[in-house]
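If you read the protein sequences in the order shown, they are chains L and P.
For the first sequence, this note's numbering gives the first residue as 45, with consecutive numbering after it.
For the second sequence, this note's numbering gives the first residue as 1317, with consecutive numbering after it.
None of these hints come from the bench; they were simulated from the model.
None of these values were measured; they are calculated from a predicted model.
Treat the hints with caution; some may be incorrect.
Said to hold, decoys possible - Reference listing, derived: stretches of chain P covered by chain L, where coverage requires no fewer than 3 residues with Cβ under 8 Å from a Cβ of chain L:
| hint | segment |
| --- | --- |
| 1 | 1337–1347 |
| 2 | 1506–1513 |
| 3 | 1571–1583 |
| 4 | 1803–1814 |
| 5 | 1853–1862 |
Stated by the list, open to error - Computed cross-link-like contacts, EDC-like style, restricted to lysine to aspartate or glutamate with a CA-CA straight-line distance of at most 20 Å:
| hint | chain 1 | residue 1 | chain 2 | residue 2 |
| --- | --- | --- | --- | --- |
| 6 | P | K1348 | L | E95 |
| 7 | P | K1427 | L | E184 |
| 8 | P | K2070 | P | E1961 |
| 9 | P | K1348 | L | D161 |
| 10 | L | K121 | L | D146 |
| 11 | P | K1379 | L | E142 |
| 12 | L | K194 | P | D2010 |
| 13 | L | K121 | L | E184 |
| 14 | P | K1427 | L | E95 |
Unchecked claim - Facing chain L, from chain P, some residues (calculated, C-beta under 8 Å):
| hint | residue |
| --- | --- |
| 15 | S1762 |
| 16 | L1763 |
| 17 | S1765 |
| 18 | G1959 |
We treat Cβ as the ideally placed atom computed from N, Cα and C, and that holds for glycine.
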Amino acid sequence: MSDITVREKNKKISQAKRVTLIINGEQRNLEIGHLPHQVETTHTLLHTLRETLGLTGTKLTCDNGACGSCTVLMDGKAILSCMTLTVECGGKDITTIEGLKDRDTGALDPLQQSFIDHTAFQCGFCTPGIIMSAKALLNENSTPTEVQVKEALSGNFCRCISHYQVVRAVMAVSEGGA
Amino acid sequence: MNEPYRYIGKATQRNDAVGIVTGTVQYLNDVKFKNLLYAKVLRSPHPHALIKNIDKSKAENLKGVKAILTWENVPDWKGGTPGVTRILGRRLRFVGDVVALIAATSEEIAKEASSLIDVEYEILPAVFDEEEAVKPGAPQLYDEFPGNIVTPGFPIFGPKCLTAIAMGDMDKGFAEAEVIVEGTCGYANIPNPIPPEPPGAVALWEEPSRVTIWVSNQAPHVDRMTLSEIFGHEVEIFTHGHPVGGSFGTKIITWQVQAFATLLSRATGRPVKIIYTKEEHIAAFVLRPSSKMHARVGMKKDGTVTAVSGKWLVGTGHYSMTSQAQLAVGLGEVQIMTRCANWDLQTDIICTNRNASGSVRGFGGQELKCAFIPILSRAMAQLNLDPFEFIKKNYIKPGEGYFWRDGNWYIYRGIDYSEAMDKGAERFGWKEKWRGWLQPSAQKGSLRSGVGVGVHGNADIGEDTSEAYVRLSTEGTVTLITSLTEHGTGQRSNYVKMIGEVLQLPLERIFISASDSVIAPFDFGPVGSRGTYAIGSAAISAAEDAKRQLFQLAAPILGANVEDLETVDGLIFAKGKPEQCIPWIATGHDRTIMGYGRFDPDYTLANCMTTFVEVEVDTETGKVTLQNVVNATDVGQIIDPPGLEGQLNGCLGSSGIDSAIFEETIIDPTTGHILNANLIDYKWRTFSELPEIDNVVLETPISSHRFRAIGVGEVATSPGPSAILMAVSNAIGTWLHEYPVTPERVLAALNKVKSQEHAGGAL
Chain L
45 MSDITVREKN KKISQAKRVT LIINGEQRNL EIGHLPHQVE TTHTLLHTLR
95 ETLGLTGTKL TCDNGACGSC TVLMDGKAIL SCMTLTVECG GKDITTIEGL
145 KDRDTGALDP LQQSFIDHTA FQCGFCTPGI IMSAKALLNE NSTPTEVQVK
195 EALSGNFCRC ISHYQVVRAV MAVSEGGA
Chain P
1317 MNEPYRYIGK ATQRNDAVGI VTGTVQYLND VKFKNLLYAK VLRSPHPHAL
1367 IKNIDKSKAE NLKGVKAILT WENVPDWKGG TPGVTRILGR RLRFVGDVVA
1417 LIAATSEEIA KEASSLIDVE YEILPAVFDE EEAVKPGAPQ LYDEFPGNIV
1467 TPGFPIFGPK CLTAIAMGDM DKGFAEAEVI VEGTCGYANI PNPIPPEPPG
1517 AVALWEEPSR VTIWVSNQAP HVDRMTLSEI FGHEVEIFTH GHPVGGSFGT
1567 KIITWQVQAF ATLLSRATGR PVKIIYTKEE HIAAFVLRPS SKMHARVGMK
1617 KDGTVTAVSG KWLVGTGHYS MTSQAQLAVG LGEVQIMTRC ANWDLQTDII
1667 CTNRNASGSV RGFGGQELKC AFIPILSRAM AQLNLDPFEF IKKNYIKPGE
1717 GYFWRDGNWY IYRGIDYSEA MDKGAERFGW KEKWRGWLQP SAQKGSLRSG
1767 VGVGVHGNAD IGEDTSEAYV RLSTEGTVTL ITSLTEHGTG QRSNYVKMIG
1817 EVLQLPLERI FISASDSVIA PFDFGPVGSR GTYAIGSAAI SAAEDAKRQL
1867 FQLAAPILGA NVEDLETVDG LIFAKGKPEQ CIPWIATGHD RTIMGYGRFD
1917 PDYTLANCMT TFVEVEVDTE TGKVTLQNVV NATDVGQIID PPGLEGQLNG
1967 CLGSSGIDSA IFEETIIDPT TGHILNANLI DYKWRTFSEL PEIDNVVLET
2017 PISSHRFRAI GVGEVATSPG PSAILMAVSN AIGTWLHEYP VTPERVLAAL
2067 NKVKSQEHAG GAL
C-alpha cells in the first residue's frame, strides 16, 4: 500500500470513527484506527489510558478483571478499565488517579491525604486502584461503616497487606464527612 | 528507656508518599522509551521436550516483527547454580519454558508472531514428584545432575557452604531421649507470593558489548553481578532500578527476563521491553521451593531436644538459581529455633519438570520449619509439653551458637527474646486458650476453635555487604547515593531519617539518588531482614564520615577541636556554645563533601518473630477461618512505626500464613500445566476476610548500629503456616500434616470424605 493510499484510508477512518469522552475533566476526541496514536476497537480503556494518553497511574496487574489495580471512575462509579473497551466509553466521564486532585487548587483529595497520613500503602502498586474504589464508595456513601469499606474494597488485590492501614485511612475520611 | 530521637521511632511521611497516592511514581512499565520494541515469549506446551524443528518464516514475514530468537541463534549463555540452564535451549524442561523470543513494534504484533511460529517437538517423559524423580529410571532433566539431584552448595557462601547439619553423637543423643518420634511432613504446595507488578525489563544494547537495563528489582547491583556471570564478564552492564511494585523476595534475581530483553536488543539495536503477563508471572517466574522432611527426633520430658536426624528434600522445579542458598540459610535458622547438641540432618535439592522455585520471603527457613515443627509437635504431644513453653525454652539465648550459611560456627550476641514471647502470649491469652494437644479451645455446634504458635528467626539481619555515599552540599543539603530501590518497606525513607538524625538536619533537606549501579556504590539490597542493620549501618557510617570531614573544615574557622563540634539544622558550633556558630557554607561554597560507609557481614545477631493464631473450623463444611493473629517481636528500636506495622501485617499474604489455609499452586500431575495461573483461580485474601491482627513490639536495645535497631520485616510471614497447621489439628482433634488445610483435607481428616493422594507426608 502506498503512503498516499494509507493516508486516504486513515482520513476516511478518522472522519468516520471517533470516540469522545471526558478524562479528568478534559474532553478527549480519540480517533479510532490502527495507527499508534489511535484507538483500536480492541483496546481496553486501561490500554488507552496508559499507552495512548500516558496516564500511567492506573496500573495493569491481571488484565483479567480479577485484581482491581486498574480501577477508575466512570460517571463516579468504580469500573475495571481492563474489562472495558474504549470504543464503548463514548460520552462517559472518566476519572483516574491523576484526576483526583482538586482541579482548581491542585490540592490532594482528602482521601489521598488520608492515605499519606496513615501510610496506607507499602509498595504502592495497588494503591491507585484502591483509592479509586474507595472514592467510588465515598461518592455513594459519605459515612460508610468499616464493613462497607471492606466490602467496597474486596475486589482490590494487595499482597503487602496494606489492608488494615487502608481501612483506617478511608474511615478517617468517612468520619470527617468528606 | 530508649534515647529520645528527633526522627527515629516517630511516624514520618514516606518520601514517595505523594507520588504513590497521585499515581506519579514511575514503576518500570510506566517509563516511556523512544523507538521501543516489545517482546513476547513463545513458551513450551510440554513439560519435557526437545525442539526438533522451528519454522519461523511466517512470523518473520509479519509486518512489524524485528527479531525472532531461538536456541539456534543466541550465544551459549547459561544461568543457574551451577550455570547449566541456557537462556534459550533446545531442551525444554517445564510447561512455559522458552522456545522463542520475539521483538516487534507493538505487543499485539509480537503476540501474533508468536502464534505463527511452527515448532516440532519430540516429547520426552516428564517427572513432577521429587521422590519419583530420584528413583532409578526416572526421566533425567540434566546430564550434569545425575538422579535429578542438583549440585549442592552456593558458591557465594564459600567452599564450606552449609549443606547439612552434622554434629555431636547421635547414639548418645537418642539414648538420652525420653521419647523418640519419627515422621514425614511436607510444605509442598509451592505457593506463589505474586506481587501485583509483573516481572519485566527494558534493555538497550550498544555495540560492541554494552547493555543498559532498566529493572524493577530490589538491588540493581545484584542484577549487574548476576548477569555479568551469565554473560561471561565480557559485557559492560549498567542497571537502573525503579520502584518495585512488590517483590517478597522474588525480584532479587530475574536474570531470564533481563537476558531476554538484552538478547532482543542485541539483535535489533533498539530498546526492547518485556513485561510478563500475570499468567506468565505465575506459571513461568518464581515459586516457593517445595519442602519435605523425614526426621527422627529425640526429646526429654523437660522439652530438651536430644537428637535430630533425617533428610530434608527441597524441590526446585526445572532448575535452581538460589535453592542452595535457601537451603543453607534454612539449616542455620532451624538451629536458631531448636537448641540441640546432636544433629544429623542431610539434604537434597531435586529437579522436576515444573516452573522453578526461587527466592521468596522466608528464604529456606519457612520451608524447613513448616515441615519440621509438625514433627517436633508429635514429640511434644507425647510428653504433654506446651508448644509455647517449648519454643521459649529452645529459642537461641545469648552465648549459644549455630552453624551459619558459610559453614562457620557463630556465637549469638543478641538479646533473649523470652520477654517478647511472654508479652505476645499474654496479649493472645495463650494460657487461657491452650487446652492441650488435639484439644479445641472452644466449640459451638459444628464449629471448633483451635490455637497454634510458631516461631522464626534469622541471622541474616547482618548478612552480605552494603556501601553508601552521603554527599553534603555546603548550602545545607544532603544526598544519599545508594543503589537501593524502594520495594515497599519504606526503607529508602528510613535511611533519610537515620541520616537526618546523624546530621540533625530537617528531613526536607535530605535527598536520595536514583537507584542505579552506574554511580551508586555496591549494595546487596534489602534481602532477608538486612535493611535496618546492614544497609542502615552503611548509610549511618557514610553520614558520620561526611560529618567528620565537615568538622575538619570547620574546626580551624571556629578555633575548636573536631571532636568538640556539633551540627544542628545546618549550623556548626562547639558543644555548649551554639551562639558562636557558622553555617556549613562557611567551609566553602565550592566543594563536595562525600562520606563513604560500608557494612561487612555480621552473623552474630538474629531477629525473632513469634506468631500466635486462633482458627475456627466448621466441621460440617471443613472451612477454616483465621480469627486472630498476634505477632510478637523485639526490634531493639523502632525506626518507623507505621512502616513496621505494615511489615508485620504482611504475615498474611504473599505466601505467608495464607499458604497454610488456601494459597497453593496446583499442577496437573499428568500434563504438568499449572491449573491456577491467574488471579481468579489462585486464591488470595480479600479486604472482607481480615482477621484481627495485634502486633506486640518490644524495644530492648540491641548491639547493632548507633540506633540499636534490627530488622524483622522478612520473617513476618514465616512462623504462621506451621502455627495454622497446629491450630487446625487442635481444633478438630486429629493431626493434619499437609498444607494448605483445604476443606477437603479437613473433612478427610474427620473421615467425612475420602482422602486424596497426599502431596505432603504422613506422620
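Each hint tested on the structure:
1. 1337–1347: It holds: at least three residues are needed, and the segment 1337–1347 of chain P offers 9 whose Cβ sits within less than 8 Å of chain L.
2. 1506–1513: Coverage by chain L holds for the segment 1506–1513 of chain P (5 residues, Cβ < 8 Å).
3. 1571–1583: With 0 residues close enough to chain L, the hint is violated.
4. 1803–1814: holds (count 4)
5. 1853–1862: With 0 residues in contact (Cβ-Cβ under 8 Å with chain L), the coverage given for the segment 1853–1862 of chain P is violated.
6. K1348(P) x E95(L): 9 Å, holds
7. K1427(P) x E184(L): Answer violated: K1427(P) to E184(L) is near 41 Å, above 20 Å.
8. K2070(P) x E1961(P): 42 Å, violated
9. K1348(P) x D161(L): 31 Å, violated
10. K121(L) x D146(L): 18 Å, holds
11. K1379(P) x E142(L): 35 Å, violated
12. K194(L) x D2010(P): At roughly 18 Å apart (the allowed maximum being 20 Å), D2010(P) and K194(L) satisfy the hint.
13. K121(L) x E184(L): 8 Å, holds
14. K1427(P) x E95(L): 17 Å, holds
15. S1762: 25 Å, violated
16. L1763: Since the shortest Cβ distance to chain L is 21 Å, the answer is violated.
17. S1765: Cβ of S1765(P) sits 22 Å from chain L, so the hint is violated.
18. G1959: 7 Å, holds
Going through the hint list in order, the structure does not satisfy hints 3, 5, 7, 8, 9, 11, 15, 16 and 17.
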